[in-house]
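**Student:** So the chains spell out like this:
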Amino acid sequence: GENVEQHPSTLSVQEGDSAVIKCTYSDSASNYFPWYKQELGKRPQLIIDIRSNVGEKKDQRIAVTLNKTAKHFSLHITETQPEDSAVYFCAASLSGGSNYKLTFGKGTLLTVNP
Amino acid sequence: EADIYQTPRYLVIGTGKKITLECSQTMGHDKMYWYQQDPGMELHLIHYSYGVNSTEKGDLSSESTVSRIRTEHFPLTLESARPSHTSQYLCASSDLLTRKETQYFGPGTRLLVL
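If you read the protein sequences in the order shown, they are chains A and B.
Heads up: the first sequence runs through residues 32 to 145, numbered per this note's numbering.
Heads up: the second sequence runs through residues 21 to 134, numbered per this note's numbering.
Simulated from the structure, these hints should not be mistaken for laboratory data.
Incorrect hints may appear among the rest.
Derived pair list, reagent style DSBU-like, types lysine-lysine, alpha-carbon separation capped at 35 Å [what the hints assert, rightly or not]:
1) A:LYS137 <-> A:LYS68
2) B:LYS37 <-> A:LYS53
3) A:LYS102 <-> B:LYS38
4) A:LYS137 <-> A:LYS88
5) B:LYS38 <-> A:LYS53
6) A:LYS68 <-> A:LYS88
7) B:LYS37 <-> A:LYS88
8) A:LYS137 <-> B:LYS37
9) B:LYS37 <-> B:LYS51
10) A:LYS88 <-> A:LYS102
11) A:LYS53 <-> B:LYS51
12) A:LYS137 <-> A:LYS99
13) B:LYS51 <-> A:LYS102
14) A:LYS73 <-> A:LYS53
15) B:LYS77 <-> A:LYS137
16) A:LYS137 <-> B:LYS38
17) A:LYS53 <-> A:LYS137
18) A:LYS73 <-> A:LYS102
19) B:LYS51 <-> A:LYS89
20) A:LYS88 <-> A:LYS99
21) B:LYS77 <-> A:LYS73
22) A:LYS68 <-> B:LYS38
23) A:LYS89 <-> A:LYS99
24) A:LYS137 <-> A:LYS73
25) B:LYS51 <-> A:LYS73
26) A:LYS73 <-> B:LYS37
27) A:LYS99 <-> B:LYS77
Distance ranges between label pairs, derived from CB positions [what the hints assert, rightly or not]:
28) A:VAL51 <-> B:GLU21: 16 to 26 Å
29) A:GLU87 <-> B:ILE33: 42 to 52 Å
30) A:THR109 <-> B:MET61: 24 to 34 Å
31) A:SER57 <-> B:THR35: 13 to 23 Å
32) B:GLU76 <-> A:LYS88: 28 to 38 Å
33) B:TYR25 <-> A:ASN144: 27 to 37 Å
34) B:LEU132 <-> A:GLU70: 18 to 28 Å
35) B:SER81 <-> A:THR41: 23 to 33 Å
Some residues of chain A that are not near chain B, with every Cβ distance over 10 Å (derived) [stated by the list, open to error]:
36) HIS38
37) SER57
38) ASP58
39) VAL85
40) LYS88
Ideal placement from N, C-alpha and C gives every residue a C-beta, glycine not left out.
Please construct the entire structure, taking both the sequences and the accompanying hints into account.
**Tutor:** Shown next, in the form of structure tokens:
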């Protein structure tokens with residue numbers, strides 16, 4: 032089955048700096064890669080996703096890049112703000128067929144210091 | 021408003037009691053999932069369902085059981101609660117027909133077994 036590794040497990044940055052979280056996956060057939068943000072005491076919420084036919088996707092200060100050959104994808108947050116502090120989870124799945132399970136990474140605790 | 025609802029939000033119960041955690045969604049989704057998560061930690065899939073009368077065990081072994089008699093309802097039952105069951109339980113759903121891989125999470129139930 033799919034295995035997703037996520038690094039780092041904790042990340043501390045100064046407000047205004049950029050933050051990068053990296054994930055690797057094992058199943059070359061995986062073609063859907065979402066990122067979830069979970070604030071303290073809240074539910075995980077999708078912030079951005081990318082499919083394997085695209086190399087990069089941006090949404091304001093957030094971007095995700097995908098390298099299918101190397102089987103890794105990354106979340107980039109620019110101009111970080113204190114409200115970006117949360118746990119971020121990457122995930123991978125195979126779109127299509129009957130299996131829609133997401134395999135999650137173990138999460139990255141991002142702290143943005145004012 | 022289309023959403024996923026979980027009740028109770030918090031539950032403190034004694035060892036040996038039977039409990040049912042409720043999950044309902046008004047999003048019209050056919051796939052539903054249960055995850056176990058210690059605060060801020062990894063998401064562990066314990067059960068999922070493709071639709072009515074379909075249930076599958078997830079990646080993490082669990083002593084709980086689930087049922088799916090109605091599309092919108094996916095309750096999780098613990099026949100005899102133990103302190104090791106203390107955790108947060110998150111319900112999620114996804115849509116087979118459209119954004120089938122994207123999972124939307126409920127607010128969670130925090131369970132404490134004494």
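**Student:** Hint by hint, note whether the structure agrees.
**Tutor:** Quick rundown of the hints versus the structure:
| no. | hint | verdict |
| --- | --- | --- |
| 1 | A:LYS137 <-> A:LYS68 | holds, 12 Å |
| 2 | B:LYS37 <-> A:LYS53 | violated, 42 Å |
| 3 | A:LYS102 <-> B:LYS38 | violated, 44 Å |
| 4 | A:LYS137 <-> A:LYS88 | holds, 23 Å |
| 5 | B:LYS38 <-> A:LYS53 | violated, 41 Å |
| 6 | A:LYS68 <-> A:LYS88 | holds, 17 Å |
| 7 | B:LYS37 <-> A:LYS88 | violated, 48 Å |
| 8 | A:LYS137 <-> B:LYS37 | holds, 31 Å |
| 9 | B:LYS37 <-> B:LYS51 | holds, 29 Å |
| 10 | A:LYS88 <-> A:LYS102 | holds, 16 Å |
| 11 | A:LYS53 <-> B:LYS51 | holds, 28 Å |
| 12 | A:LYS137 <-> A:LYS99 | holds, 21 Å |
| 13 | B:LYS51 <-> A:LYS102 | holds, 27 Å |
| 14 | A:LYS73 <-> A:LYS53 | holds, 23 Å |
| 15 | B:LYS77 <-> A:LYS137 | holds, 20 Å |
| 16 | A:LYS137 <-> B:LYS38 | holds, 30 Å |
| 17 | A:LYS53 <-> A:LYS137 | holds, 12 Å |
| 18 | A:LYS73 <-> A:LYS102 | holds, 30 Å |
| 19 | B:LYS51 <-> A:LYS89 | holds, 28 Å |
| 20 | A:LYS88 <-> A:LYS99 | holds, 14 Å |
| 21 | B:LYS77 <-> A:LYS73 | holds, 25 Å |
| 22 | A:LYS68 <-> B:LYS38 | holds, 33 Å |
| 23 | A:LYS89 <-> A:LYS99 | holds, 18 Å |
| 24 | A:LYS137 <-> A:LYS73 | holds, 17 Å |
| 25 | B:LYS51 <-> A:LYS73 | holds, 22 Å |
| 26 | A:LYS73 <-> B:LYS37 | holds, 27 Å |
| 27 | A:LYS99 <-> B:LYS77 | holds, 30 Å |
| 28 | A:VAL51 <-> B:GLU21: 16 to 26 Å | violated, 35 Å |
| 29 | A:GLU87 <-> B:ILE33: 42 to 52 Å | holds, 48 Å |
| 30 | A:THR109 <-> B:MET61: 24 to 34 Å | holds, 27 Å |
| 31 | A:SER57 <-> B:THR35: 13 to 23 Å | violated, 39 Å |
| 32 | B:GLU76 <-> A:LYS88: 28 to 38 Å | holds, 31 Å |
| 33 | B:TYR25 <-> A:ASN144: 27 to 37 Å | holds, 36 Å |
| 34 | B:LEU132 <-> A:GLU70: 18 to 28 Å | holds, 21 Å |
| 35 | B:SER81 <-> A:THR41: 23 to 33 Å | holds, 28 Å |
| 36 | HIS38 | holds, 14 Å |
| 37 | SER57 | holds, 14 Å |
| 38 | ASP58 | holds, 14 Å |
| 39 | VAL85 | holds, 14 Å |
| 40 | LYS88 | holds, 14 Å |
The structure is inconsistent with the numbered hints 2, 3, 5, 7, 28 and 31, although it conforms to all the rest.
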